[in-house]
Structure formats: structure tokens, C-alpha cells
Amino acid sequence: MFRYYVWLALRSLRRNPVLTGLMIVAIGLGIGASMTMLTLFRAMSGDPIPQKSAQLFVPQIDNWGPDQREKSGEPPQTMLTYTDVEALMRAHAAPRQTAMYATGFVITPSDPQQQPFQAEARATYSDFFEMFDVPFKYGSAWGAQGDDSRSDVVVIGKKLNDKLFGGASSIGKTVNLDNRDYRIVGVLDDWSPQPRIYDVMDESFGDAEEIFVPFTVAIDRHLDNWGNNNCASLSDPGWEGHLHSECIWLQFWAELPDAAQVQRYRGMLDSYASEQQHNGRFHWAPLTRLHNAREWMVLQHVVPDESRILLMVSFGFLFVCLVNAVGLMLAKFMGRSAETGVRRALGANRRAVFMQCMVETGVIGLAGGLLGLALTGLGLIGVRAVLDKDMSSLTHLDLVDVVLAVLLAVVAAVLAGIYPTWRATQVQPAWQLKAN
Amino acid sequence: MHIRPILSAMRRNKVGAFLIALQMALTLAILCNSLFIIEQRLALMARASGVDEDNVFVLTNQWVGTPDDLNARLVGDLAAIRSLPGVVDAYASNSYPLRGGGWSDGVMLALHQVHPITHTTLYFADEHALNTLGAKLIAGRNFSPDEIGTRDRNSPAQPPVVIVTKALADKVFPDGSALGKTIYIEDSPTIIAGIVEKLQTPWVSNNFGEKFPENSLLEPFHYMVSGYHYVVRAQPGQLDAVMKAVQNKLLEINRARVLVKVMTYAEVRAEAYRNSRGLAIILGVVCTALLAVTAFGIVGLTSFWVTQRRRQIGVRRALGATRHAILAYFQTENVIIAAAGAALGVALAVGLNLWMVTSFEMLRIDPVYVLSGAVAVMLLGQFAVLWPALRAASIPPALATRAA
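Just so you know, the protein sequences line up as chains U and B, in that order.
If you use my numbering, the first sequence corresponds to residues 24 to 459, in order.
If you use my numbering, the second sequence corresponds to residues 12 to 415, in order.
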């Protein structure tokens, strides 16, 4: 029976090509626009490490006092001072933790044919790699002893390894960063979490760094901070002055696998802040916060307003397209009332008429979905052309998007078809036959 | 034209009429809010930066390592750039208008004031900066060569004098008396020696910078870090040639450096407003598609009604109705539906805007937008109904006499 309905639907669609075409185009356009924006939005609000993001926490410590607080009373600090980061690292109150900041180098390739080039880097502790599930192609992180021994070691990204060593294992070799040789201990595999969950302060989207150096080494070598630096008061001159200032410029992450550890960590933060109050550094009651990675991405507005607005507008557009389709389907189904009357008179019950109409709307939905999918592809190419290149790295259709688009189209078409179908089932056979 | 027969006909086709009205209302709500957003973004993008954008380019100079003789190298580079043919002037800085990143600080009128009067960006500059940017000095004087000092990233510095934009001067001294006054930057006093007409901050398209888009302050410093920016102004028409010549010259002087982000100001501007422009384009495309879908929807439904009523129309024609009367019938019908849709749409549009005001810090929509949107949607309806209405009008009266 189903096959018969599909056959009927195709025949009926062919009989009225303009109306059919209008419906398919309307649904296709609606799906195309909304899926394009949904794909972008899903990528932006995505969670690149869902298995870890609820266990990774960002602490906030108010080191500036009530005058600088947000209107809501929340601490304005999105990063920490060196003093606080050192204390948290020393406290070692989580199984894994890392402080970090963005820096960079000029790389001078050993091959004199190659020009020196600039590369962004991240100064971090060895725990970083396991905390954020960073995959290694060769070698491994430098380990706790690398953090402590302050040796010139480095982990490099896959692209940089391809560029400098043609993709072969470079473990044990050196790379020249700002006139100093660093020994390579690890090479990452492809890794580009979107959003850049470990640091949404500077750039929320875009490539991960290609160089990772021990935090301790970076501090020793006075490696410049390439990220944000916020000071509420003046600091003493020079690098030492900067380290002991109340400027916030360092990110800190703690991995806390269960609620008990989170609770304990909160307590530790509060007692640390009270200790700072007692020793005279803070002149206010402790104000600390601990947010996990997901909460943090929301708090830091990782998804820009633009993308929310576009998502809303595009779904509004889809809704208009559906209202449009309801009207057209109503016209179509009512237009063949006579035919429906004949079918009913020949013994088809309401259920059969209902099924026939629903199959027809399903076919329209499917066609609209396929058109919508093609338009989504085009839309994403368009979006890539007009938006920030870091955002455009997000504009790839995955299987989920494809299934979602077709499903959305069929569901939308069927929803749009419910009322017209119901009207069609209400056709009185006697009336229609009499009118003819 | 009698309205009553139209209304009674519509009553027999309530759902169809309601669907068209609903579609027009939604179209109106989305359309005028989108146009409002587009207009706001275009207004943002149209603001002048205060830079002679046609003839200025920037490049980031990154030394290998941190050389000890940074200032000598910087001064040498600048002298070499300035002596190149086609170069008007050049200077080095920590940032420049529209760059997207830079320094900001609170401006105070007294030491240790708790809340600054306003915020400003800090540009480190020398006596060549104003000429390079093409910024117009409207009061006071430029820096003199002997005032130019150095500062590094992590040490506070006390500039003897500063040059501020008019926007900043007016904000701090609303009575217009800024010139020669003392202000406090980074907790140290300095004197306003000059005022320039306009110079935007590096942040022109984010929430942070929106609060002080033209509050800029120039400090007489060379910035002693391994990575900083050269800003160069070329003679009109020679930008491309000068861009190449400057890069060649710099690498000829010293190869132990990397030149990155060599960009004309047009590129800087495009980069700064990329997402605003993208949003405007995407919204424009969606709006066009929206209008098309709505128009074709009206065409489709009205055509269907015409087909359904062929006989009745034939009868009316046979009874003496003119073609014009039939045309007017369908157009009036559409006006009634569209007016209902527009009324609902105006309410929806304002509601949607109010919601966006609270969730996106958007401005209140200008009623002119909503009203012109309503007119546009009604015109769209009239336009869309024209073809089916003409078809209806061409139905011959003889149709009435034929059996169905």
C-alpha cells in the first residue's frame, strides 16, 4: 500500500508542477538557511572534549577588591596573577592542574633555504596534554620532571613537524626558537579543538598553537605574554615587577573528577583568599569562583551575538516557509477534493486518504530536504567567504548535519501537511459527487 | 468597490486568508528587524578612522629573540623607511586604529581616583605619527624629537606630554579647556600638549571598544619589545610600490626578523569589520529569499483561488462585471489580508525588537522602519497578486454558460 501511495504522490506532484515546485523550493530555502546557521552555531557552541569538559575547572580569585567588581557582584577577573597561580600550583590540590599563557617565537629553520617565521606558542605545565586529551603522534609530554628541571624542551604540532622535518619523527632533535635550541620531546597528532576550549580569552576559534614550552622555562626566559594582560594598579618595573604585580594574565585549569574534589577545591580557594586577607594583601572578604569548562564558555560569550541573531532569523525564515507550505498544500489537497470524493465513494476510508496525503507531504519534505541540503552546502561556502577565517574553519557539514537537515525537512513538511491532510479527510464523498 | 462580498467570500476561506496574513506578518517582523540590524552595522562600518586609509599601510616587525639594541634598530629602520622614494612618513607603535588589539587605560583627574572618568587606548608614537596617519591637529602642538623616550612592556612610564583626540578631551574636560591640562594615566600626571580631530581605537567592533570608540591618546615613546608595528604613509598612488620597497629595505638592513601582517589600511578595515559585513550580507540574502518565498506563496494561493472560482468569475462577468472589477476584487482582497497581516506584523516586529534589546543590547527600533516595512509588505502583496488577478480578469463571460 505504501508503495502505491508513493506512486500516487509522485503522479500528483507531477500533475501540478508549479505548486509542487513552489512548495519544494520554499521548504528547501527554509532548510538551507536554517541548517547553514545551525551548522555554524552547533560548531561554535560545541564541546570539543565532552568527556572532560565537566571535570576541568577555572578558578577565579578577586585580587582587586569591591571597587572593580561587576554590577552583579561577580569578580571581573577572567585570569589570575602570577602570585596566585604559583600558590595554586604549589597547593597541588587537584590530581592534575596547569597554569598557562600565550606566547610566541621566531623559528629559524636549520635549513638555510627556509626563511625564519613566526609561530604562536603556549607556555604550560605537562599536565595540560592529558587534561585536554591532546593526542601525540611521536613521543610524549615532558612530564613533571620536565616542569621541575626547567630544561629547554618543547612539544611541537603536527603541521610544524611536517614543515621542519617532513613529517618524520623529530624526537630528540632540536628546533631553534628565538636563537635558542629546544629539544623536541613530543609531536602532536592533528589537534584543533573548536572552540579553543583551553583558552577562550584571546581567540575563541582558530588553530591551536604549534609550540608548547614548559611554563617554568617560559617564566625563566621572560617569554613575553602575547595574550591579554589586565592591571588594576601600577606594578614595579621589569619582569620581576610584572610577576609580583596584581596584573592578571595567566590562565589556570584544575582537573577535578568528582563532586567531593570540587567541594574541597572550593574550600581550598576560599582559605587561600582568607590567608591573603590575613597577611594584608587583600583588604576584603574572600571572593572566589570555580566554574567548569562548559560554564566558562557560556560566561565568556564564546558564541558571538551575531551567530545567535543569524540562527534566530534563519529559523524565523524556516517558519515563514512552512506557513507558506501549509497554504500551498491546502490549495493542492482542496483542489482535488473531487478526486478524494471519488476515492472515498469507492470505499477508501479516512485513514487511507490520510495516509495518502501524509505520504505526499513526506515526499515533498524529502525533496525539499535534499534541495535544502544542497543549499546548505552553498550557504556554508558563502558564510566561509564572508565571515572571519577563524569562524569559517567551523563551516563543515558532518553526517549529523546531513541527517539533521533531511529529518528537519521531512518533519517540517509533515507538520505543515497535518492541517491540509485533515481537511482532505473531511471531504464528504456525496457532496463532491453531487457537485460533479 | 464593495467590501462586503469580499469579506463574505473570505469567510468561506478563512484558513487560506489567515495563512497569507500570518506569513506577511512574520515576513514583516523579520524583515524590519533584519534591515534595522543591517543599517546599524553599515553605520558602524561607515565611521571614519581618522587615518588617511588610501595611502597608509602597516606591518608587524618581529625580531628574532630580543636584541639589546632595540631602540637603535628601530630608529635606524625608521630613518631608512622615511628616506625611501614615495614614502611620506613613518613611525613605530604598539598598535593602530582598527587593529583589534592594543593597550587601554583609565583616565583620571587625580592620583588614585577610584573610578576613572573614561577609558582610552594608548598609542606609542613619535613626532612623525600625526603626519604618517594623516591625523589633523586641531589645537596645541605635535611632539618634539627630544620628547621621544622609550618604554618596555612591563614597566610603567611617565610621558611628559600626551596628544589626545577631541573625543577624549571633550569627555574629560566637557567645557573644552583640555589643552595644557594635567591628567593622570597609569597613576602618573601628564600634560595634554595637543588635540587631534579624530583617531579611532583599535577596537571598533567589540563590546569592549564600543564604550570609547574615539578615545585615543598618543604617548611619546618608542616601544621596546621584539614585536611591534611600523605604520607607513605613501605618496598618493604609490602604496603598492612602497609596500614592496619597505619590506625589501628592512630585510636588507637586517635579515634576523620576520615581517608579518603586511596590510594596506583597506585590508585592516576589511579585517576589523569582517563579521559586521558578513552579518549584513547574510541577513540581506535571507531577507531577499524571505520576500521571494512570501511573494510566490501569495501568487500560488491566489492562483489556486482563481482556479477554484473560475465559474463564479465567469458568472460575474456574464452579469456585467468589467475586467477591471474582477482585477479590483482580487487586489482589494489582498489589501484587506495584507493590512491585517501588517497590523499583526507591526506588533510582532516591535515585540521581537524589544526582546532583542534585552538579550543582545540592541537599540530600540525606529518606528519609521516598522512603518516602511509594513508599506513594503503591502506593496509586495499587491505586486504578487497582480498576475493571478490578471488571469482572473481574462476569464471570458462565456465560461458561465458552459457546463462545468
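Be aware that one or more of the hints could be misleading.
[What the hints assert, rightly or not] No farther apart than 27 Å at their CA atoms in a straight line, the calculated lysine-lysine pairs in the DSS-like style are these: (1) U:412 - B:147; (2) U:186 - B:272; (3) B:222 - U:94; (4) U:181 - B:272; (5) U:412 - B:272.
No lab work stands behind these hints, which were simulated from the structure alone.
Consistency of the hints with the structure:
1. Restraint check for residue 412 of chain U and residue 147 of chain B: not satisfied, since their Cα atoms lie roughly 34 Å apart, outside the 27 Å limit.
2. A threshold of 27 Å between alpha carbons decides the hint, and for residue 186 of chain U with residue 272 of chain B the separation of about 20 Å falls inside it, so the pair holds.
3. Between residue 222 of chain B and residue 94 of chain U, the direct Cα distance comes to roughly 16 Å. Compliance with the 27 Å bound is thereby established for this hinted pair.
4. Among the hinted pairs, residue 181 of chain U with residue 272 of chain B is consistent with the structure: their alpha-carbon atoms are about 23 Å apart, no more than 27 Å.
5. A hinted pair counts as satisfied when its Cα atoms are at most 27 Å apart, and residue 412 of chain U with residue 272 of chain B qualifies at roughly 15 Å.
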